[in-house]
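Trainee: Here's the letter readout for the chains.
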Amino acid sequence: MTSLHEPGAAAGPRTGRPRRRRVGTGGRRGVPLPLLLPGLLALAFLLLPLVALLVRAPWGSLPDQLSSTEVWQALQLSLVSATAATAVSLVLGVPLAWLLARTEFPGRGFVRALVTLPLVLPPVVGGVALLLALGRNGVIGKWLDAWFGITLPFTTTGVVIAEAFVAMPFLVISVEGTLRAADPRFEEAATTLGASRFTAFHRVTLPLIAPGIAAGAVLAWARALGEFGATITFAGNFPGRTQTMPLAVYLALQNDPDAAISLSLVLLAVSIAVLAGLRDRWMTTS
Amino acid sequence: MTDNRPAAADGASAPQGPPAPDNDSCTGGAGGNPKPAEGRHPTTHPHPITGLDARLVVDRAAFHLDITLTAAPGDVLALLGPNGAGKTTALRALAGLTPLTDGHLNLDGASLDRTPPESRPVGVVFQDYLLFPHLTALDNVAFGPRCQGVSKSEAREQAGAWLDRMGLAAHAGAKPRRLSGGQAQRVALARALATHPRLLLLDEPLAALDARTRLEVRGQLRRHLAEFEAVAVLVTHDPLDAMVLADRLVVIEHGRVVQEGTPADIARHPRTDYIAQLVGLNLYRGRAERHTVRLDAGPEITTTEDLSGPVFVAFPPSAVTLFRDRPTGASARNLWRCEVAGLETHGDQIRADLDGELSLAADVTTVAAAELELHPGAAVWATVKAMQTHAYPA
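As they're listed, the protein sequences go chains A and B. For the record, in the first sequence the residue sitting at position 39 is 39 according to my numbering, with numbers rising by one throughout. For the record, in the second sequence the residue sitting at position 343 is 343 according to my numbering, with numbers rising by one throughout.
Next up, chain B with everything else stripped away, as it sits in the complex (with noise of 0.2 Å):
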């Protein structure tokens, strides 16, 4: 399972031995390499427990994080949700930078609650990379296996081989502030990656950079994190990035987690209006009666499915249709009477929010915004069809 690694790929296939003789700068510490060897052969451990299994509990003045996390070797778990929720604070504790005021961290069996962070089998890639400034890439990249115990010249030779595969060879000299946005990127995922941690974290990984090369790292992260065996979880605001990067999104608000799942799943069934903003959809909460569902709103919707007892519904904003007058003809079912809040381009199209009887947010195009004379505080009737809409069980 190592072998794709370049600590592998020159013929030290096993663990990382003592640390060398000439060791001058990095930690010192007698025991040498901090990182516990049978930490890399998961399989062999004798716990048969493998993976990430963490409850952080984080208190603050103000904030308080109670999380569980659980995740496989192999996993790609996103953290995702609005600023302030706890995600980098998260992060943070799994790192051991920031202390758990209650809870458990296990890795591979083994508890880290007690471990400081410069002994713990982790790698970190800041949300600004944080390179140090003064090294080369290459330098950066084995400022890791350094601190291990690695000798300089063997440390190099891995760095070199890491940003082989990051694609920056030609850029190992370089000193980071010469690096472009993206290049800086996988600099420190391979600096996080040369220590070879067995959990690896990403805050905001993509926050940093330009939207076009955003599409290109995206691509790229999404091959090295598919290709990284052991647990990783990345932070994240951006439901596209979470998304495409992860296997299981865990949705975090006001430091708990509010909904775990596939990305499909999330997308599909949003159990909050932050990930129903985020996929995209209205949602709203009520209680169901065979195909109508009565809203804690107030008014009611009817749907396809039945079900009974409390349950969500969820429609997209393209699927409202809007009229400047009553329709006439049209069943009165899911049929509403609202009012103009806001108006605002949305890709080719005009997103409208809409007061009233209901709140919802509306699609449509730019020529049907003309004619339906949209502004904010006009009168408009909503209405979807019942098809389109889906509830689910809450």
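Chain A extracted, bound-state conformation (with noise of 0.2 Å):
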């Protein structure tokens, strides 16, 4: 008797429930309407512009746009510019993160909105900034050019140092936080195993913010590629020595729009390359 009956008190409310919601929102499964347009519509609005460059793309010339000199000048200085940023960034934001996560000191928060600062300025603005701190009259600039004959406005190392500094902030509050998230006492134990802070950093720590570290790299990494404002500000626009693919996207663009639109199925490729390594490394391990 009470196992016929319990199937049939358990499958009451299952039928019931749906039902009811059904009615209230109107939305194929219990999704609101006025969520689900909106959301719908935005997935046009970021898919739209991509699909267009696909359709319009002159998939007949392009081998024959992409074969040029000048392309491959602009695809191989925008690859080993952003690498180097990235590895710029590595190198000193690693550590700033570390000092911005792990110790205490006065004005902390100060400084952790100064780092973050260049996330929101206008790449154009860091640009003129560069231009006035490293330029070759500017408040650093001039004493590198009088003491050790280094200009580095308008060449490849300025375009190096205009991605990083726009890049960089990804990378460290990127890595501050996964420093935040992991446990600070592994640091102890170590410590108590005899490892110095330095130790404990590079042999417990590292390892374990790793894969926060990468997916921070490929970031800045991405950010560094795509740059714009700051590098064509700081490091001009010359082709072979600081013309990178958005400059030469840029400036194909007003005339020739077919080399335009190869050039950025260039840069959207890598991008979606780039998102794939992303997804397949860390993000599916995080």
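Source of the hints: derived by calculation from the structure; they are not laboratory data. A portion of the hints provided could be inaccurate.
Cβ-to-Cβ under 10 Å is the rule here; a few derived chain B residues that face chain A [unchecked claim]:
hint, residue
1, Ser119
2, Arg146
3, Ala188
The list that follows gives simulated cross-link-like pairs (lysine to aspartate or glutamate, EDC-like), each with its CA atoms no further than 20 Å apart [as the list claims (entries may be wrong)]:
hint, chain 1, residue 1, chain 2, residue 2
4, B, Lys175, A, Glu187
5, B, Lys385, B, Glu357
6, B, Lys385, B, Glu300
7, B, Lys175, A, Glu104
8, B, Lys385, B, Glu289
Remember, it's a predicted structure, so these values are computed and weren't measured experimentally. Heads up, the beta-carbon is just placed ideally off N, CA and C, and yes, glycines get one too.
Bring the two chains, given one by one in their own frames, into a single complex with the hints.
Mentor: Written out as structure tokens, the structure is:
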């Protein structure tokens, strides 16, 4: 008797509940319309431009467009400078993230805000600021030029500096977040085993936060690859020396739109490759 | 005294030598082995004092810890106390992870007050073990020796020997997440012991284990602690762990030591309500005059001991007999009118918390509880035979 009654009792609410929800919202499977429609609109808004890029691409002349030396120069310069900027960000940014996450010093919150400033600063302003600091007549650039004969603006090094300036905050914020989430007691455990604070950092903490560092590095690399404003302001637009892909796209758009589309396709392909790599390696594990 | 250690077993009977040249990844300190070699040979130490001698004072916003701890090599000391009593703070202070506000910390005659944690000859087994998740069990254990400047191969050899001793040779290559709770606990113990500490600290060593594993690990831990020839201090809130594992208990409440002694002594003569509850006794404080103790709480208890002055009186809940109506014929001594405040099952018995003339816990069988119709608010008479009480000077 009871075994017959139980399934019936369980099925009652199971059939009743969705019906009630459908009546209340009018949406499919309980998704409210006021959320569904804007959501789909947003998706279309994000995807349509990319679709347009694919539709209007000059697929026939694409091989010719991409085989020009200028394109290859720009692509090569972009990849090299973005990678160098990421390396600079890693070497300097990870220690900064550690300082922000693991030490106490007066004005730490203020320093943290300063670090994030380049994140929200218009890149062009960053480029102007870099010129004023490191330009030939800049606050520091003046001395670099006078003492060592080093000039940074309008050089490939300048491109790397501009990109690092814009990209490093992404890495610092990402790594700092990972560090805060990581249990600091692992460092304490290492310390009780005789490890100095630095040893504890590079033998215990660093391996533990490696996924966070990698994600931050990819973020910084992608940001550096797309950098436009700071680069063109601080490093100029010299083909082969400071003309990166985004600059080449912009320039090409003014006199040869087909070339601009082809260059954009290359950048799109690189971005998709990065996203795929990011998802496979880190996003699934974290 | 070091010959029961793996380091000595492979022929390196002398203290560890200078750091190996391929010391690429550890401390990098120019001094190499940060742990003083003489610390491992207390008998040859110029100071006659060996073992632990500490007064730990830690001041925090709303918390004040002030305890004195002494222990001889070979002692296992248990810090027992309720949550928030300051046990873990004391342990962290011993390890150097929390700085002392005041006091001193001497180990084998050497002052460690100003020694940073990485240079203290102290090993710690953390409550949740904190095994490095990216390293195998073997590399976890080898971490300490590596930091002391032992070469990679030598450190791994030592670590292997430790794991062997813990019965974990088969799991040397396993990452911590693949180990069971009991195995992880033993790896953590091996990792702490591999640095040859002169002071071993264990924070709630069995708290993270389920009941069945706990029984097994408690036995193993007891054996390993018995073999350990330096001072071991363990922190626990479980009286059974403390009594099984330790030679001496230090009970801490509100940042102070309230009682200290052997487990048997403390179990027989609890001096605070917390300890009495832990060991399952009713405890009262009063003033004795011959065989009568007038309790601070009001009523009197007749005991067999002949004492005078301030005393404690204790009796187990099982010694209490309950009646629904005032027992006739029974002597009026040690008879109190009470009310049931709460009931809970306690093993195969029912424990009744009683309020009234005297607050006490009484154990009755389930049948008796039913016959007495015990329920919260029920009125009962409680008696205890003088022979089953125990009075001792406060």
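Trainee: None of the hints should be skipped; say for each whether it holds.
Mentor: A quick look at each hint next to the structure:
1. For the restraint placing Ser119/B at the interface with chain A, the shortest Cβ-Cβ distance is roughly 8 Å, inside the 10 Å limit, so the hint holds.
2. Here the hint on Arg146/B is kept, as its CB sits about 8 Å from the closest CB of chain A, short of 10 Å.
3. The interface hint given for Ala188/B is met, as the beta carbon of that residue sits about 9 Å from the closest beta carbon of chain A, less than 10 Å.
4. Our distance criterion of 20 Å between C-alpha atoms is met by Lys175/B and Glu187/A, whose separation comes to about 18 Å.
5. This hinted pair checks out: Lys385/B and Glu357/B have alpha carbons roughly 17 Å apart, not beyond 20 Å.
6. With a C-alpha separation of about 13 Å, the suggested pair Lys385/B and Glu300/B falls inside the 20 Å cut-off, and the hint holds.
7. A hinted pair counts as satisfied when its Cα atoms are at most 20 Å apart, and Lys175/B with Glu104/A does not qualify at roughly 33 Å.
8. Restraint check: the Cα-Cα separation between Lys385/B and Glu289/B comes to about 18 Å, which is no more than 20 Å; the hinted pair holds.
Of the hints listed earlier, the one the structure fails to meet is number 7.
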